[in-house]
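There are 2 protein chains.
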Amino acid sequence: MYALANQPSSFLDAICSPAELKRLGISQLQALAGEIRREIVHNLNKTGGHLASNLGIVEITLGLHHVFKTPVDKILWDVGHQCYVHKMLTGRRNQFDTLRQYKGLSGFINPLESEHDAFVAGHSSTSVSLAVGMALARDHLKQNHKVIAVIGDGGLTGGMALEAINHLGHLGNDVLIILNDNEMSISENLGGISQYMKRIKETFFYRDIKQKIDQIEDMLDQVPLTPTIRQMIELVKKQTKDRFDTPGIVFEKLGINYSGPIDGHDVGAFINALDAVKDKQTPQMLHVVTQKGKGFASAENDAIKYHSVSAFSLEPPLSEKVEPVQPTKPKAKTYSEVFSQALIDLADLEPNMVAITPATAEGSGLVKFGKVYPDRFFDVAICEQHAVTMAAGMAKTGLKPVVSIYSTFLQRAIDQVVHDVAILNLPVIFGIDRAGLVEDGETHQGVFDIAFLRSIPNFTVLAPKDARELRNMLYTALKHAKGPVAIRFPRDKAVDASGTAGNTTECSFEEIDYTKWEFDHRPLGVTTQGTVTSNGYGSANKVALLAYGSTVDTVARALPLMQAKGLDPVIVNARCAKPVDDKFLSQLFEQGFNKIVTLEEACLAGGFGAAVLEWAAAKRLRSPQTKQPEIACIGIPDHFVEHGSRTTLLKDNGLDPESISEFVLSFAGNGVNTI
Amino acid sequence: MYALANQPSSFLDAICSPAELKRLGISQLQALAGEIRREIVHNLNKTGGHLASNLGIVEITLGLHHVFKTPVDKILWDVGHQCYVHKMLTGRRNQFDTLRQYKGLSGFINPLESEHDAFVAGHSSTSVSLAVGMALARDHLKQNHKVIAVIGDGGLTGGMALEAINHLGHLGNDVLIILNDNEMSISENLGGISQYMKRIKETFFYRDIKQKIDQIEDMLDQVPLTPTIRQMIELVKKQTKDRFDTPGIVFEKLGINYSGPIDGHDVGAFINALDAVKDKQTPQMLHVVTQKGKGFASAENDAIKYHSVSAFSLEPPLSEKVEPVQPTKPKAKTYSEVFSQALIDLADLEPNMVAITPATAEGSGLVKFGKVYPDRFFDVAICEQHAVTMAAGMAKTGLKPVVSIYSTFLQRAIDQVVHDVAILNLPVIFGIDRAGLVEDGETHQGVFDIAFLRSIPNFTVLAPKDARELRNMLYTALKHAKGPVAIRFPRDKAVDASGTAGNTTECSFEEIDYTKWEFDHRPLGVTTQGTVTSNGYGSANKVALLAYGSTVDTVARALPLMQAKGLDPVIVNARCAKPVDDKFLSQLFEQGFNKIVTLEEACLAGGFGAAVLEWAAAKRLRSPQTKQPEIACIGIPDHFVEHGSRTTLLKDNGLDPESISEFVLSFAGNGVNTI
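Line by line, the protein sequences are chains A and B. Sequential numbering from 1 applies to the first sequence in my numbering. Sequential numbering from 676 applies to the second sequence in my numbering.
Honestly, I wouldn't trust all of these hints.
[What the hints assert, rightly or not] Residues from chain B that keep clear of chain A, each with C-beta distances beyond 10 Å, as calculated: (1) N769; (2) N841; (3) S1183.
[Claimed, not checked] Below, simulated SDA-like cross-link-like pairs (lysine to any residue); rule was C-alpha separation at most 25 Å, straight line: (4) K479/A / D513/A; (5) K913/B / Q886/B; (6) K482/A / E788/B; (7) K1302/B / D1228/B; (8) K1302/B / A618/A; (9) K1294/B / D656/A; (10) K1191/B / G1158/B; (11) K368/A / N472/A; (12) K651/A / K1294/B; (13) K237/A / T901/B; (14) K953/B / R698/B; (15) K1326/B / N541/A; (16) K1294/B / F667/A; (17) K912/B / Q222/A; (18) K1157/B / S1183/B; (19) K142/A / L1024/B; (20) K1258/B / F667/A; (21) K238/A / I904/B; (22) K887/B / Q231/A; (23) K1294/B / T1203/B; (24) K1302/B / N541/A; (25) K212/A / K913/B; (26) K817/B / N541/A; (27) K1294/B / E630/A; (28) K817/B / D345/A; (29) K913/B / K482/A; (30) K583/A / E1305/B; (31) K479/A / S508/A; (32) K1191/B / K1258/B; (33) K1043/B / N173/A; (34) K238/A / I888/B; (35) K1294/B / G592/A; (36) K887/B / Q211/A; (37) K619/A / G1329/B; (38) K887/B / K482/A; (39) K619/A / S1334/B; (40) K142/A / N1027/B.
FYI, nobody ran anything at the bench for these hints, they're computed from the structure. Here the structure is a predicted model, which is why all the values come from computation and not from measurement. Backbone N, C-alpha and C define an ideal beta-carbon position, used for all residues, glycine too.
The whole structure should be built from the sequences, with the hints applied where relevant.
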């Protein structure tokens, strides 16, 4: 069941816990690595998941579990998406058919799932800080175990990892950092740390010292030297070059003892290297070079050879993430694609527009923009803080920066949004991708952005109801925004994506007054101005549904269900959560709508619903005679949302058409309108 | 007026703009530096302000304005509190008597104040990101000017500065970084970057290579060498040592051309160094060593010699910040002092409690704790992100970490609060200092923490009404918290600080049920349970004031004003904003309180008032028959709050007793209760 049909997995079958691993010799571990790779490829073809990063870390995981002893020793996997091998070795092999499924095996690490998972992770660059905290706690509590942080070169570009390394160097506590240098993070990795090897020849000091040593050698040619001296000089030259070919000097300067680099696919060499550092009680960094996707080609060949499985769809692309094979996957454009296409379409109209992404060019669809406009595209690596403040500097100097960022990663740059963008009211546009519920577990839910951004002065916080509106919001913001504008959209196929294909005839844009709300559905008896006439609209409960962003479409799908029960509410595309549309809301109140429901795909606390409640309280204060409708808020309750498909999670949180219809019908009570 | 009485300021008097500076020679600039120092000391003795950092940067500022030309060239002052000299030279000298006063000269840089201020700053470590953004914009827009970031060694420990340097090294654009190495940030500076010089002897590579070269030399002693060869070998050794004594290699590895270190108080040397790098079109870093407070002692001697001013209170302490001389400064304990004293008093009771601060040990009063418990005190430098995630790692491993952090700096670590603390529901305690309005300008207002933290699941968000409650909250949280707890308190003297002096007889603690609200004032006719009897309490409008944190005391001071007008409201100490006290609120609603006012010293959007509105909407939904009171929210409106004294700013924002009394009286309307 777990292995490919004709391929025995004799070693893997014998592993029930990491303890069994310790009995294996190097050649057995190598064989085990092959079995693991085959099984990963096999499993992921069914469930999807992070393929390349897990294939790259097989030997590192084997080596760590061979030398150390979890759960006593703590292994902190940065980001946590490279933990599949670790999970297979720690008793979760038989759950892989539920990987990244609702109530199934998490795609990230989580101590609630296994005691072998030392912490939770999903965002990058946290592992060294956690390791420092755990090492300090261990030493304070007189415990005796190792703390190991496994971090990629991509994770190392995140500022907080550098903060932690710097602090660790100062403290000097016993922490082992495995630098998994795979020369690739989610996107192509940028920045000095991963590029030092290419730049080394330009380093002035190295050039100077090399030149001087050469000169000395030339001069020494004139004197008789023993072979020993010559060898010694060669050794110094070689050592100097070696050290300059690694980042070792940087880390040693920061107080971390560096060793490596070593081949991370040579399990014997890796175990030897671990043995050499494992008993040292000072900060150690072991630099390991690996290849993402290592061994995939042969696994794939094996697969063909032994199985001829036609459904085997992993090839040709070897990407970081493998989406599960879905029989009837709709090919409609996603909001990410609509957004990135809009940027391309707008680039000519707005020559000063530039796009910025913190290592999420692929996920947010910006790769294409970067290819068409390389000079106007900035992937800053996993540096959300720097991305936002850099955009502020650009805006202050006359560019029109668009920061494409996932909602969950925007959390890393909230201070920069306040301090560098909002205080000076700079026109930085934020394309907030994956806003709302996503199929990536607790760490990636994009549910806080409305509450956070709404509290910051000068912000306009938008959410489009469909593809066209997303395009027009972006267009209008680029043209007219005098301050920061956030446009949030979900990780989903776009509603009404037709007409946004980006070909020349269809890439038109329209200016819209995006701070104004609009009717999305008006029952008979409500005019375009929102005035309720006696014609047709019942005099009993008048219900208005204020839907924000993705919920406009959901409510539209709920409408027939409500109409079937005799309720025909007004539906409003409340596309701006900050500011709320004072005029529109006043009109609703004054026209006697007595039941109002807000809807948003975000946390209820402080969100769009709260904005309407705040507005209503203020309205009552300034117009005490205006009748107060009853207001109910639909959104995500006060809990972290687990892993599951968007459909499942929306339903769980009452945000599917059926739940909404049921809620509204109950809220509207007995006196529903007769259509 | 500007200079000390008998000290002429002939050079300074002649400077109306930076242009005049360019005509001065080195010796004249040196004389000018002396005049500037005298004037800074003189001015700050009247107004208070950042003394040491400005005395340290006199020659750097003179040199930059001598070589570059603002506002065409952009100088980005990191943090911005070292900008006094820059302000004096750019037309603001005659406004220094209004420094850091309401509507006066800002203590930080701000382009709204002068075109010579390229950006706003207040928080640390943003300047390099801004410089990268501005340089990219300049190059895209084909502009022609220099972009210069001036950053201290303290600022460089902040992760986002490292993100930016790394990115700049990759981009290769023309940016000049002045590294002002004064070996001290707000607190004593920690971390590898500023300590490399002390650790250099332990760097393995340096030790190895030095050893090898010594060996070669020994062997060469046996062969006849020319003096030239010997000199050359000496040169290589010296050069290697020099390079290893600076951080140059680290930055060169990251793609930044490094030069220095040079003496930052030698204006001639600094100008020469600027001249050497100013026309290079690649990333440059010039390392300048300065001394905070440089020249103060002599200025002080001069002052005594020429003035014998008895009010001259700057000596003996030369601290980073000088508070203005206040004739009748009350010596009551601040909340910071109460909090840090409570930590000391609790340390014995909770041996696993540790305290963490991101470079604000002095401001938050933790210096004393660090002296008493050095092993349980962690100043991580300006690394808010690392501080929070490290605390999460500690909590997971069994320690009880208390993170002391300013509200405004907590914004730097919001993602870590969500991702590393809240998801696993870890008992990390946040002592949120300077929550509310502060006398430090837009960048430092602590007004967003309630809205941010309230939206995060698992959090308990507390604010004490006085010193004793702060102590008891901390005590109870340390003893019983099962998840994260935030305790916010203002930058102010503590209410009722008696009994918290920390001596053995007075340092008692009491467990409190801090998620429960309490009556702070009950008019006749309201029982301790909140039941309204017919005895005495009028049947007309029943008014309840729900005060959170600092506003409890303000409302108590407003009470006599309201009572004088015939209104005797219930006052509630609503000490927990998340969760709100369901039982208490239900009781108020059911007892017929029909006018409810929430009060908080924080932004209204998404804050404590919003929490009560959200609760009321949910209550109405589940108990439609319960009568709905009218709810009004008092807090900080949707704007950035400028510089001013707390008293002034509270009044401006309607949070003083008079404004509150006036608002409540008007809100309560005609049918006020007769007492």
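Checked hints:
Listed as outside the interface, N769/B is consistent with that label: its C-beta sits roughly 26 Å from the nearest C-beta of chain A, beyond the 10 Å cut-off. Not every C-beta of chain A lies more than 10 Å from that of N841/B, the closest at about 4 Å, which undercuts listing it as non-interface. Distance check for S1183/B against chain A: the nearest CB is about 26 Å away, which clears 10 Å, and the non-interface claim stands. Among the hinted pairs, K479/A with D513/A is consistent with the structure: their alpha-carbon atoms are about 12 Å apart, no more than 25 Å.
A threshold of 25 Å between alpha carbons decides the hint, and for K913/B with Q886/B the separation of about 14 Å falls inside it, so the pair holds. For the given pair, K482/A sits about 19 Å from E788/B by alpha-carbon distance, which is consistent with the 25 Å threshold. The hinted pair formed by K1302/B and D1228/B fails the criterion: a straight-line CA distance of about 29 Å is larger than 25 Å. Under the criterion of a C-alpha separation no larger than 25 Å, the hint pairing K1302/B with A618/A is consistent with the structure, at around 19 Å.
About 23 Å separates the Cα atoms of K1294/B and D656/A, which keeps this hinted pair within 25 Å; it holds. A hinted pair counts as satisfied when its Cα atoms are at most 25 Å apart, and K1191/B with G1158/B qualifies at roughly 17 Å. For the hint linking K368/A to N472/A, the alpha-carbon distance of about 20 Å falls within 25 Å, and the restraint holds. In summary, the hint linking K651/A to K1294/B is supported, as the alpha carbons are separated by about 23 Å, within the 25 Å threshold.
Restraint check: the Cα-Cα separation between K237/A and T901/B comes to about 22 Å, which is no more than 25 Å; the hinted pair holds. At most 25 Å may separate the alpha-carbon atoms for a hinted pair to count; K953/B and R698/B meet this at roughly 19 Å. Simply put, K1326/B and N541/A have alpha-carbon atoms about 43 Å apart, too far for the 25 Å limit, and the pair is violated. For the suggested pair K1294/B and F667/A, the alpha carbons sit about 13 Å apart, so the restraint of at most 25 Å is met.
The suggested pairing of K912/B with Q222/A holds, with an alpha-carbon distance near 21 Å, which does not exceed 25 Å. A C-alpha spacing of about 23 Å is found between K1157/B and S1183/B, which places the hinted pair at or below 25 Å, so the restraint holds. Between K142/A and L1024/B the alpha-carbon distance is near 18 Å, which keeps this suggested pair within the 25 Å criterion. Annotation: proposed proximity of K1258/B to F667/A holds, straight-line Cα distance about 24 Å (limit 25 Å).
Proposed proximity of K238/A and I904/B is supported: the alpha carbons are some 21 Å apart, at most 25 Å. A distance of roughly 11 Å separates the Cα atoms of K887/B and Q231/A; the hinted pair therefore holds under the 25 Å criterion. Simply put, K1294/B and T1203/B have alpha-carbon atoms about 23 Å apart, close enough for the 25 Å limit, and the pair holds. Proposed proximity of K1302/B and N541/A is supported: the alpha carbons are some 19 Å apart, at most 25 Å.
For the hint pairing K212/A with K913/B, the CA-to-CA distance comes to about 12 Å; that is within 25 Å, so the pair holds. For the suggested pair K817/B and N541/A, the alpha carbons sit about 62 Å apart, so the restraint of at most 25 Å is broken. With a CA separation close to 11 Å, the supplied pair K1294/B and E630/A stays within the 25 Å bound. Proposed proximity of K817/B and D345/A is supported: the alpha carbons are some 23 Å apart, at most 25 Å.
A distance of roughly 56 Å separates the Cα atoms of K913/B and K482/A; the hinted pair therefore is violated under the 25 Å criterion. The suggested pairing of K583/A with E1305/B holds, with an alpha-carbon distance near 22 Å, which does not exceed 25 Å. Simply put, K479/A and S508/A have alpha-carbon atoms about 14 Å apart, close enough for the 25 Å limit, and the pair holds. Taking the CA atoms of K1191/B and K1258/B, the gap is near 9 Å; set against the 25 Å cutoff, the hint holds.
The straight-line distance between the Cα atoms of K1043/B and N173/A is roughly 24 Å, inside the 25 Å bound, and the hint therefore holds. Restraint check for K238/A and I888/B: satisfied, since their Cα atoms lie roughly 13 Å apart, inside the 25 Å limit. Annotation: proposed proximity of K1294/B to G592/A holds, straight-line Cα distance about 22 Å (limit 25 Å). Distance hint between K887/B and Q211/A is fulfilled; the C-alpha atoms sit about 18 Å from each other, no more than 25 Å.
Taking the CA atoms of K619/A and G1329/B, the gap is about 18 Å. The hint holds against a cut of 25 Å. The straight-line distance between the Cα atoms of K887/B and K482/A is roughly 63 Å, outside the 25 Å bound, and the hint therefore fails. Annotation: proposed proximity of K619/A to S1334/B holds, straight-line Cα distance about 20 Å (limit 25 Å). Restraint check for K142/A and N1027/B: the C-alpha separation of about 11 Å stays at or below 25 Å, so the hint holds.
Checked against the numbered hints listed earlier, the structure breaks hints 2, 7, 15, 26, 29, 38; every other hint is satisfied.
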